[in-house]
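So the chains spell out like this:
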Amino acid sequence: MNTEGSALVTGASRGIGAAVARALAADGWRVGLNYRSDAEGAARVAREVEEAGGSALPLPGDVSEPGTADQVVGRLEEAFGPALVLVNNAGVRDDALALQIDDDAWARVLDTNLTGAFRLTRRALRPMIRARFGRVVNVASIVGRRANPGQANYAASKAGLIGLTGTLAAEVARRGVTVNAVAPGFIETELTEGVGRELLDAVPARRAGSPADVAACVRFLASPEAGYVTGATLTVDGGLTA
Amino acid sequence: MSTAVTQQQVHDRIVEAIASFGPDPEDVKPEALFEALEVDSLDLAELAQIAEEEFGVKIESSDVEGLKTVGDAIELVSARAS
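Those sequence lines, one after another, are chains E and Y. Under this note's numbering, residue 242 is the last one in the first sequence; the count climbs by one each step, no gaps. Under this note's numbering, residue 82 is the last one in the second sequence; the count climbs by one each step, no gaps.
Hints were generated in silico from the structure; no laboratory data involved. C-beta: ideal position from N, C-alpha, C; glycine also. It is possible that some hints are incorrect.
Pair by pair, the computed Cβ-Cβ distance ranges are [claimed, not checked]:
id: 1; chain 1: E; residue 1: Gly81; chain 2: Y; residue 2: Gln8; range: 27 to 33 angstroms
id: 2; chain 1: E; residue 1: Thr167; chain 2: Y; residue 2: Ala19; range: 26 to 32 angstroms
id: 3; chain 1: Y; residue 1: Asp72; chain 2: E; residue 2: Glu4; range: 30 to 36 angstroms
id: 4; chain 1: E; residue 1: Glu51; chain 2: Y; residue 2: Glu26; range: 54 to 60 angstroms
id: 5; chain 1: Y; residue 1: Glu53; chain 2: E; residue 2: Glu51; range: 33 to 39 angstroms
id: 6; chain 1: E; residue 1: Gly53; chain 2: Y; residue 2: Ala4; range: 16 to 22 angstroms
id: 7; chain 1: E; residue 1: Asp104; chain 2: Y; residue 2: Glu26; range: 40 to 46 angstroms
To list a few chain E residues with every Cβ distance to chain Y over 10 angstroms, as calculated [to be verified]:
id: 8; residue: Ser37
id: 9; residue: Arg47
id: 10; residue: Glu51
id: 11; residue: Gly67
id: 12; residue: Thr115
id: 13; residue: Ile129
id: 14; residue: Ile142
id: 15; residue: Val172
id: 16; residue: Arg175
id: 17; residue: Leu200
id: 18; residue: Pro211
id: 19; residue: Ala212
id: 20; residue: Gly227
id: 21; residue: Leu240
Make the full structure from the sequences, and use the hints.
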């Protein structure tokens, strides 16, 4: 189905990113698996994709660094063709009350979660615009729109991602490129290890979400069928913010 | 390494690119105003990308502001390609 282009998932070595990569590969995309340091995880995901009949390429690079976007997208395109799907999933957190967030903790989270996504999108939009087809999906969070004390930097980065999504969507819609966000609630991954289980009592679905729950949403937004959905944020939180 | 790019080559490629953005190819003449052709900033951003990828010419956003006609674009790319 998608023989002419490729998909890039950042933070694809584990968690939501790994699940998204597997889902896109199942839909026929040749997938670039960006990761910062978990080479083993990325290799594992690549093996899983290949065993299922797909194509995957681990692509190391820290999205918070300026040169990473050009380097990663360039390598992906050389191997698998023009980048037509981009999932900005790489994210970190560094929690503290705002009074105690120092400049480094602020910058680190914003640079990875928001600026990294911006740089990758700016680079990936080039082949998408020329191809008259593109899918950008930003993995935001319910925390971008609802208060969560202790996560001012994370919340700001995710709210920023949602704002970026809307404006970008309006800019490039005419070229058949959609830009959307997913806003996961409480998802069982390494990023949420150690977060109190009492949060689950407030979830109407009475369970944490799985990476596959989020991947299903990304998969839909990245599909050709979702061409009229753009500038939207799809919340996937078991009803928590309903 | 690269052969010399002629103004004719630049002219032909730019006219072709602008026609691909929507206007009637017959209207895409050097004196034509982008505004009249309904060629907007997204189209010009794509044109800048084509200039960079195919002619090695870098067009900044500040340059784009000064491009009012098809001829302006042809002149800018030709001048920087040589």
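Status of the hints after comparison with the structure:
{"no.": "1", "hint": "E:Gly81 / Y:Gln8: 27 to 33 angstroms", "verdict": "32 angstroms, holds"}
{"no.": "2", "hint": "E:Thr167 / Y:Ala19: 26 to 32 angstroms", "verdict": "28 angstroms, holds"}
{"no.": "3", "hint": "Y:Asp72 / E:Glu4: 30 to 36 angstroms", "verdict": "34 angstroms, holds"}
{"no.": "4", "hint": "E:Glu51 / Y:Glu26: 54 to 60 angstroms", "verdict": "55 angstroms, holds"}
{"no.": "5", "hint": "Y:Glu53 / E:Glu51: 33 to 39 angstroms", "verdict": "37 angstroms, holds"}
{"no.": "6", "hint": "E:Gly53 / Y:Ala4: 16 to 22 angstroms", "verdict": "48 angstroms, violated"}
{"no.": "7", "hint": "E:Asp104 / Y:Glu26: 40 to 46 angstroms", "verdict": "59 angstroms, violated"}
{"no.": "8", "hint": "Ser37", "verdict": "33 angstroms, holds"}
{"no.": "9", "hint": "Arg47", "verdict": "35 angstroms, holds"}
{"no.": "10", "hint": "Glu51", "verdict": "37 angstroms, holds"}
{"no.": "11", "hint": "Gly67", "verdict": "18 angstroms, holds"}
{"no.": "12", "hint": "Thr115", "verdict": "19 angstroms, holds"}
{"no.": "13", "hint": "Ile129", "verdict": "6 angstroms, violated"}
{"no.": "14", "hint": "Ile142", "verdict": "32 angstroms, holds"}
{"no.": "15", "hint": "Val172", "verdict": "7 angstroms, violated"}
{"no.": "16", "hint": "Arg175", "verdict": "7 angstroms, violated"}
{"no.": "17", "hint": "Leu200", "verdict": "45 angstroms, holds"}
{"no.": "18", "hint": "Pro211", "verdict": "35 angstroms, holds"}
{"no.": "19", "hint": "Ala212", "verdict": "36 angstroms, holds"}
{"no.": "20", "hint": "Gly227", "verdict": "18 angstroms, holds"}
{"no.": "21", "hint": "Leu240", "verdict": "37 angstroms, holds"}
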